[in-house]
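Novice: Letter by letter, the chains look like this.
4 protein chains.
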Amino acid sequence: MSDTLRVAMIGAGFMGAAHSQSWRVAPRFFDLPVKPTMQVLAGRDLAAVEQAAEKWGWAEASADWREVIARDDIDLVDIVTPGDTHAEIAIAALEAGKHVLCEKPLSNTVAEAEAMAEAANAAAERGVISMVGLTYRRVPAVTFARDLVAAGRIGVVRQVRAAYRQDWLRDETGPMTWRLEKHRAGSGALGDIGAHAIDLAEFITGLRLERVSGILETIVTERPLLGERVGLSGTATDRLGTVTVDDVALVTGRFASQDGFAPIGTFEATRFATGRKNALTIEVSGSRGALAFDLERLNELEVYSAADPDLEQGFRRVLVTEPGHPYLAPWWPPGHGLGYEHGFSHQVVELVTAIAAGTAPSPSFADGLHLQRVLDAVERSSEHEAVWTPVG
Amino acid sequence: MSDTLRVAMIGAGFMGAAHSQSWRVAPRFFDLPVKPTMQVLAGRDLAAVEQAAEKWGWAEASADWREVIARDDIDLVDIVTPGDTHAEIAIAALEAGKHVLCEKPLSNTVAEAEAMAEAANAAAERGVISMVGLTYRRVPAVTFARDLVAAGRIGVVRQVRAAYRQDWLRDETGPMTWRLEKHRAGSGALGDIGAHAIDLAEFITGLRLERVSGILETIVTERPLLGERVGLSGTATDRLGTVTVDDVALVTGRFASQDGFAPIGTFEATRFATGRKNALTIEVSGSRGALAFDLERLNELEVYSAADPDLEQGFRRVLVTEPGHPYLAPWWPPGHGLGYEHGFSHQVVELVTAIAAGTAPSPSFADGLHLQRVLDAVERSSEHEAVWTPVG
Amino acid sequence: MSDTLRVAMIGAGFMGAAHSQSWRVAPRFFDLPVKPTMQVLAGRDLAAVEQAAEKWGWAEASADWREVIARDDIDLVDIVTPGDTHAEIAIAALEAGKHVLCEKPLSNTVAEAEAMAEAANAAAERGVISMVGLTYRRVPAVTFARDLVAAGRIGVVRQVRAAYRQDWLRDETGPMTWRLEKHRAGSGALGDIGAHAIDLAEFITGLRLERVSGILETIVTERPLLGERVGLSGTATDRLGTVTVDDVALVTGRFASQDGFAPIGTFEATRFATGRKNALTIEVSGSRGALAFDLERLNELEVYSAADPDLEQGFRRVLVTEPGHPYLAPWWPPGHGLGYEHGFSHQVVELVTAIAAGTAPSPSFADGLHLQRVLDAVERSSEHEAVWTPVG
Amino acid sequence: MSDTLRVAMIGAGFMGAAHSQSWRVAPRFFDLPVKPTMQVLAGRDLAAVEQAAEKWGWAEASADWREVIARDDIDLVDIVTPGDTHAEIAIAALEAGKHVLCEKPLSNTVAEAEAMAEAANAAAERGVISMVGLTYRRVPAVTFARDLVAAGRIGVVRQVRAAYRQDWLRDETGPMTWRLEKHRAGSGALGDIGAHAIDLAEFITGLRLERVSGILETIVTERPLLGERVGLSGTATDRLGTVTVDDVALVTGRFASQDGFAPIGTFEATRFATGRKNALTIEVSGSRGALAFDLERLNELEVYSAADPDLEQGFRRVLVTEPGHPYLAPWWPPGHGLGYEHGFSHQVVELVTAIAAGTAPSPSFADGLHLQRVLDAVERSSEHEAVWTPVG
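Residue numbers (UniProt numbering), protein chains in the order written: chain A, 1 to 392; chain B, 1 to 392; chain C, 1 to 392; chain D, 1 to 392.
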């Protein structure tokens, strides 16, 4: 096996900056079994791709992702394009024998996700590895929460309460963006951020949702159309456009039962939680303890243990920054926090380690498919008066 | 009009201690238009009632509430018995021309609540006043939240997120209590604590729920039967009893629409939120601001204003202990917090002031009836696969 | 021994309301060995005293404290007058054989405090009991902190960090009050609030300060004189008065050594901590754990234990509201918090229990004297360039 | 002027990793006027340096810093060696016409710092630029705090309360390290972490300390000598060594007066604050508002404004992650936090921008000298019974 891993990244938007940072930084802190090299960046607009490649440190730029996938000197394809293109690129790459990292959502439809999972399975038999990008799993406090649950530190999981709350749509005079158009964004708050809340709940508890009841809602249905572009947004015009995605999703779910009991969960995704900027929160209540996490304070995990002396029980604010915590050893001394982007480096560690070992990294395309099926069940429940609806 | 208000209290349990404290303390801090006197305490077991009357400072004890209601020297009847007795006592008292304060829940059934509301209406025409006890409305931070919403400080209400979370059923080896038996408690987590979460949402926003989707759940269905009584609980035996009430309720609701938009809310009641002792929390998200409250920190209100300078916005931790805050003026200097019981004194202030003025205090029996109807709709939705169900 | 304790209270200001509440309420919740009766309230202005007695529930009013002390039907004298009158009243009461509760500060000078401690010692030999009012010791979380330290739960105490921070002098246009005039108030921030920070540190750790280095500061030295009185303050005039007390005190202290090591502490008292309303905070760092308390959240204690699993250590937010916590059993269910005034009831419990048992309650006048000596040492250090200065 | 800046870094320890990351990452996110290249890493042990250079991405390795400084193809020297070597290297580099970034502390003695400041002044006249590394100034929330004070948002600064608290010496059985030996570390808690608390106070307020009173303390004076090395520490032997540096420093300071008033501050540095891992905290109290910061939550700034409506005032928790906040624009969306290392990138931005513009970056060597003088004054005060001691 080669000691380098030649990476091509398809897509040059916001997620590209984060993924580039992870390929650049991970090898500088972690002892990786193979060394990733940032070979080529591909996108639609060559001039823009060339500029991004220069900025982010990719050796080459390309406007033709098919050509890139066909190259012999590429080992891994990292897909950060919009969701509606994932299936085509990922399946082509897998068939070309390239390992694939595909940013979430796996796809915009269940059908595409099924095709991708099938392709991933077929590729796996040829030693080709695939992974879906759900990097919040790689925030050390989140991984640590999963470890604590798995070790039985909170007993049997009974209830989960997860939410992803933002407020960037609060102002009803804020203009339209592509994220609010169904045909471009694929989904709204549910798919964009609700998916993270659901995935975190499943990841931390090790349980899978089996049934859901939910509603999708569009709070502000018309917004000024965008005129001149400014940064990620732009100036508003006096014409109105129609918001065609949900901006709030409220879900109740039931996990697969364990020993006869099926834990329950609530999930919320909203872009109207005034004052909450990036509040991906989760609380897991177990028979012997509880855990609480908030992405706005990502270096902390709150831990409650019913094994503490009776009168001294309370949620502990644990700074997840000790060398013994997941992924922390190569970074900084205790209390010197990490940021949002570090999860991407940890994802690279997981992926590269799996490739070198020839094992299947997690989360798999099958995991990504399951997540799409949950979202789909929520949509169907919402269309049928919130009635309980099975997943898949 | 007399300058005293002669009170009889029916019921000598836990709530009796809180109500007694309010009748005792309120006149010592507030300038009330009439002075309440603690005339007689009535209950079933005369010896116990006499002991409680002595302890709590009631002038007389009685084992016959009907006799008490018939007395000429009683102006007001304060009902703190179990919910299944409320209707009979309250209607009798109202018909006897006594003002009535009835602890929540107004009753255990919608039918009884309807009869009580009707009796209250009829009594009102004769100048007899009634009020249901929902004292969390009288926590200063809650009243202040209501005032801020009413003053438009957070703009249009869009979303509400309310929960009442406790953990006293966490340990599955904990014994049965009457609160877990439907025929005695009337309802479980939904009626006992979920009712507070729902009422606070309606009180603070000034909106009423019109439709709900919800589930009721019993997480631990069998528990050891109670042997010898110890304090509020007791020792466990090795025989098992069946829990016949819900211990978790999860609800999604839609309020009456305003200007074409119907705000949405989520509500949770649970006795299995490990580590949460009395977490009645509510967050109200509006178009121009937001409010957040937690009963475990009852002297605080978090206030977010989108009118603050762009880069300086954040949830303010407001200590609701200034003389200008609701109910605070007669108490202590700023920052010297109040406790749980003070809400009961503030309830006395509201009630006594209304009686002296001849106006209708809030919340009325009609409000209590509405609340019962919401709970009833949740039960019906839960029985029908969580389908959206109209209130009333 | 009689089964009642007939109380006379001298003083009718703000503290009188708090003490009255404690005499009124304590017997309604705690099973006291003797029953206090609110016999007589004494003060200077008879009309005002009569009004306060009526309001607060004292049976009689008097304008002559000497006469009150001389009465045979008084068992205990509760002194809540300004500090400069404490010595005269307390010594007279003790000599008249009355038990004495004297609100802090014990006196305005060390010499007076010495005379009072001497009188208390002499009275004790005749079975007459005395206590100084430092009610923050009776906040359950504070007493619990003391218990944890005494039980060795945080190991050897090494460092203490205590502060009492308020901001009511923030606005330099705020008018003069008697609290800012040395000849009336006796002392400024140091004596008024710094004393509490120091006392809490000594109470919780069980250690006594031996040496201090400190400064006293007056941040705003001139303020508008008060015109017409409004509430506790009043309107400002355009004439200026001079502030003659400190409004900030900063102190470093060294406790008596234990096993060769003398723990160190920092103490701050300020009325200019913008945004802090009543932040009496203390953190105690020990070799095996730590505790942190904030009076603005008086129902909570933060507890850190180095005995927790290595990766799960963190400050626990303990709600000190369980029946097993100090003073909590007769109050409300877990999570239903207490307020500022409850400490006064707990003080009554301690005092009345000691009187019935014939034992010496804590804190004694000797403790009050020690506290005055610490404050005096700080003043002397401040006058001598902050040089280390022995206590007493 | 060249469009690249060829960097040599001297030193290959912990700080080298952080500085390497900043040279690597800053150009990938910020549009820098010149592009830094990571030319050569120098250190004492060639094998170790080569390994580090390979790991961190430096083009070359060298065991001779003098040779490196003499090279024509080096534009800037970044010094991250122990403090006792700073003066020699920095002065040599400046004299060789290299720009210099010198990690804090500027030096271990005032005399050396004076020589360095002098060399920096002389070099500045030749267009050679120097900067001392105090990266906590470049945490966005800290820079934003400075901006708010400068804009008058909190009025006149009156009081500062700063501390840097860690607990890694808590366990008295923990072994000796070089940081506890004066001849190697130069200073203890005061110089290592107290310096940051003092610098942050001066940076945020724009004020300079003029006088201090302080004590230095060594809480645990003997520790097991280190046997075999393990990671940053190692195994303990049964022989004891002597700790020769302070592990706690407590300081009171007075700033230069403004309009006749000299603000006061307290400063604490401790390695025994059990449970505090990296708590660099600062609170600045002004006449119209206040600010509070905690490095353990570095993406947040608490802001209090007395201009808020009277009843709605409180500390706002501001997430300093908006594009308009200092340094934030090129990073992630709101609420996606940064980590410890990002301050180093922001330092690179400041330095490189100044070099390109030919202006003097901040903090200068003169600032570093001032900081050493403050620390020196604290040491002298501590040696003289904590007496007030002028700075410099």
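Think of the hints as simulated: they come from the structure by calculation, not from any bench.
Heads up, some of the hints might be wrong.
Since the list can't tell identical chains apart, any single copy or any two copies may satisfy a pair.
What the hints assert, rightly or not - Below, a list of computed lysine to any residue pairs in the SDA-like style, where the Cα atoms sit at most 25 angstroms apart:
hint	residue 1	residue 2
1	55	357
2	35	62
3	35	59
4	35	222
Novice: If the cutoff is 25 angstroms on CA atoms, where do residue 55 and residue 357 land: within, between, both or neither? Let me know, please.
Specialist: between (32 angstroms within a copy, 22 angstroms between copies)
Novice: Should residue 35 paired with residue 62 be assigned to within, between, both, or neither, using CA atoms and 25 angstroms as the limit?
Specialist: Both: 22 angstroms inside a chain and 24 angstroms across chains, each within 25 angstroms.
Novice: Within a copy, between copies, both or neither: where do residue 35 and residue 222 come within 25 angstroms Cα-Cα?
Specialist: Neither, since 49 angstroms and 45 angstroms both go past 25 angstroms.
Novice: Please sort residue 35 with residue 59 into within, between, both or neither, judging by C-alpha distance up to 25 angstroms.
Specialist: both (15 angstroms within a copy, 17 angstroms between copies)
The structure fails hint 4 only (numbered hints given earlier).
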